[in-house]
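Student: As a plain string of letters, each chain reads:
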Amino acid sequence: MVEFKDVSVKYSSGVDALNKINLKIEDGDFAFVVGPSGAGKSTLIKLVLKEIDATSGEIVVNGFNLNKLRRRKIPALRRTIGVVFQDFRLIPTMTVYENVAFVLRVIDAPAKYIRSRVPYVINLVGLSNKAKSYPTELSGGEQQRVALARALVNDPKLIIADEPTGNIDPALSYEIVGLLKGINECGTTILMVTHEHDLVRHFGGRIININSGNIAFDEYIGGSNED
Amino acid sequence: MKISSMRYLVHQGFKGIWKNRMMSFASFCIMLVSLLMVGISVLLALNINRIIGGIEEKSEVVVQIADGISDADREQLKNNIGALPNVNTIEFYSKEKAWQNMMENMTAEERALFDYADDNPLPDTFRLTVHEIKKMTETTTQIETFPNVETTRSPTAFADTLISIRRVLGIISGAIVLALIIVCLIIISNTTRASVFARRKEINIMKYVGAKNSFIRIPFFIEGMVVGVLAAAGALALTKFAYEGVYAIFNDDFTLWSVLGVSNLYPFEDLFPYVAASYAIAGAVIGAVGTSFSTGKHLNV
Numbered sequence: 001m002v003e004f005k006d007v008s009v010k011y012s013s014g015v016d017a018l019n020k021i022n023l024k025i026e027d028g029d030f031a032f033v034v035g036p037s038g039a040g041k042s043t044l045i046k047l048v049l050k051e052i053d054a055t056s057g058e059i060v061v062n063g064f065n066l067n068k069l070r071r072r073k074i075p076a077l078r079r080t081i082g083v084v085f086q087d088f089r090l091i092p093t094m095t096v097y098e099n100v101a102f103v104l105r106v107i108d109a110p111a112k113y114i115r116s117r118v119p120y121v122i123n124l125v126g127l128s129n130k131a132k133s134y135p136t137e138l139s140g141g142e143q144q145r146v147a148l149a150r151a152l153v154n155d156p157k158l159i160i161a162d163e164p165t166g167n168i169d170p171a172l173s174y175e176i177v178g179l180l181k182g183i184n185e186c187g188t189t190i191l192m193v194t195h196e197h198d199l200v201r202h203f204g205g206r207i208i209n210i211n212s213g214n215i216a217f218d219e220y221i222g223g224s225n226e227d
Numbered sequence: 001m002k003i004s005s006m007r008y009l010v011h012q013g014f015k016g017i018w019k020n021r022m023m024s025f026a027s028f029c030i031m032l033v034s035l036l037m038v039g040i041s042v043l044l045a046l047n048i049n050r051i052i053g054g055i056e057e058k059s060e061v062v063v064q065i066a067d068g069i070s071d072a073d074r075e076q077l078k079n080n081i082g083a084l085p086n087v088n089t090i091e092f093y094s095k096e097k098a099w100q101n102m103m104e105n106m107t108a109e110e111r112a113l114f115d116y117a118d119d120n121p122l123p124d125t126f127r128l129t130v131h132e133i134k135k136m137t138e139t140t141t142q143i144e145t146f147p148n149v150e151t152t153r154s155p156t157a158f159a160d161t162l163i164s165i166r167r168v169l170g171i172i173s174g175a176i177v178l179a180l181i182i183v184c185l186i187i188i189s190n191t192t193r194a195s196v197f198a199r200r201k202e203i204n205i206m207k208y209v210g211a212k213n214s215f216i217r218i219p220f221f222i223e224g225m226v227v228g229v230l231a232a233a234g235a236l237a238l239t240k241f242a243y244e245g246v247y248a249i250f251n252d253d254f255t256l257w258s259v260l261g262v263s264n265l266y267p268f269e270d271l272f273p274y275v276a277a278s279y280a281i282a283g284a285v286i287g288a289v290g291t292s293f294s295t296g297k298h299l300n301v
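Protein sequence lines correspond, in order, to chains A and B.
Each residue of the first sequence is one higher than the one before, starting from 1 at the first, in our numbering.
Each residue of the second sequence is one higher than the one before, starting from 1 at the first, in our numbering.
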């Protein structure tokens, strides 16, 4: 669950990135965050990951009150969140398997669990035959699926996808969002930032439109694929 | 932390050396040269000190004893002098022995001049060595106050020269070693910073998936330490080679150097454990600390 209460962010340059935002994303929600560049979408995500702190207001993410969270507790917060980036951010010197397994090593998971969990998740995103490949040997869509597997592997409560389809073919975009939808159906909360209105119209669901640091629109719309 | 995780991190550290082999090699070379420079400076300073020490040991104070004193008085005087804190060894050198010695060192013609001397004109003396050459003047002044001492002769002018040479050398070698250490630390911290910068993406991803700082640091730490120890081993081999070469020159070619008292170098076997331990510790510490310093900046995401 993500909850924002009167959250404002003012950058030192004097720019208001967010202006008294109120927002509640319940467990199991799938929400698209849309809006023009510079509207405050990235700021929103940075706040959830506690990369930056709010200038005022209160934020609760997965039961962590971010206003009171100590620096050395940040890893604990981030372990409940999976992140997918526009530019994939895979480690180029690691194979697909290692890129995914790495997350579990970070959280000190038992070796036995890693050996069973990683192939399972890689299979889930349909890359079992590429487990030993390096990221550079994969297409953009495949790389993003690895990133998705990585976000998924430690079973987070919340997955944040920051323009996950920005760098891949439109046809493959539907595949990625389809995967996210599937994950959501298993109970994981998804927060996906995107520019692509076609995609949003196609899938439908909760749409949060941010404009100039304010929430301009926050409603459920029906997807065209449900007609 | 689980043992399997620790093993993974150590493994990552070793893998990192190979993955970043250019940077590792650069760090290795810089550390090797740095260790070598500092090591050789220290060894040089140690040996110069030892050579000077050797010369000091050989510089004797001669105490001339009053003529015709009793054996008991002489023994008493010897004990008094021997009790002085700065006196190292004391030896009685009788007038007969001195005379004999003098005769032996003369040619037959010279000796003939003394044929008519019915009396030995030489005095009885004590010959003594001191612990600290810089207190030599003080010691001789003290000895001169004792009864039955005629005069003392000591190479004080020579001692003063040695003292100032030693002091200047001490300052110079200290300054060189200090400067080298500072330069090495700067270069090494920059090299590791470059290697960490090359992997900032990796670190960034680790932060996003909830890695603790220690988890991120340990592989770098191990990497730095291993490279440091390897550099230490390289430096040790080169030092041994160079040192034994120099040692052979000074010790075999005894004609000039031994006359100057310079043949008195430490054999490398004596120094080996200290050099090896200092190199290994310095290499490991510099490598580990250097990487820790430079990873710190990238950990605040």
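Because the hints were derived from the structure by calculation, they are not lab data.
Don't take every hint at face value.
[Said to hold, decoys possible] If you want a taste of the chain B side facing chain A, the calculated C-beta under 8 Å gives, among others: (1) SER5; (2) LYS19; (3) ARG21; (4) ILE69; (5) LYS97; (6) ALA98; (7) ASN101; (8) LYS201; (9) TYR208; (10) ALA211; (11) PHE215.
[As the list claims (entries may be wrong)] Listed next, the in silico BS3-like pairs over lysine-lysine satisfying Cα-Cα at most 25 Å (straight line): (12) LYS15/B / LYS46/A; (13) LYS15/B / LYS130/A; (14) LYS73/A / LYS2/B; (15) LYS58/B / LYS50/A; (16) LYS201/B / LYS132/A; (17) LYS212/B / LYS73/A; (18) LYS132/A / LYS78/B; (19) LYS212/B / LYS50/A; (20) LYS68/A / LYS212/B; (21) LYS24/A / LYS112/A; (22) LYS5/A / LYS46/A; (23) LYS212/B / LYS157/A; (24) LYS46/A / LYS73/A; (25) LYS130/A / LYS2/B; (26) LYS50/A / LYS73/A; (27) LYS73/A / LYS15/B; (28) LYS112/A / LYS201/B; (29) LYS78/B / LYS112/A.
From a predicted model like this one, the values you see are computed outputs, not experimental measurements.
All C-beta atoms in this analysis are idealised placements derived from N, C-alpha and C, irrespective of residue type, glycine included.
Student: Please flag the earlier hints that this structure goes against, numbers listed from lowest up.
Tutor: Result: hints 3, 4, 5, 6, 7, 12, 15, 18, 21, 25, 27, 28, 29 break, sorted rising.
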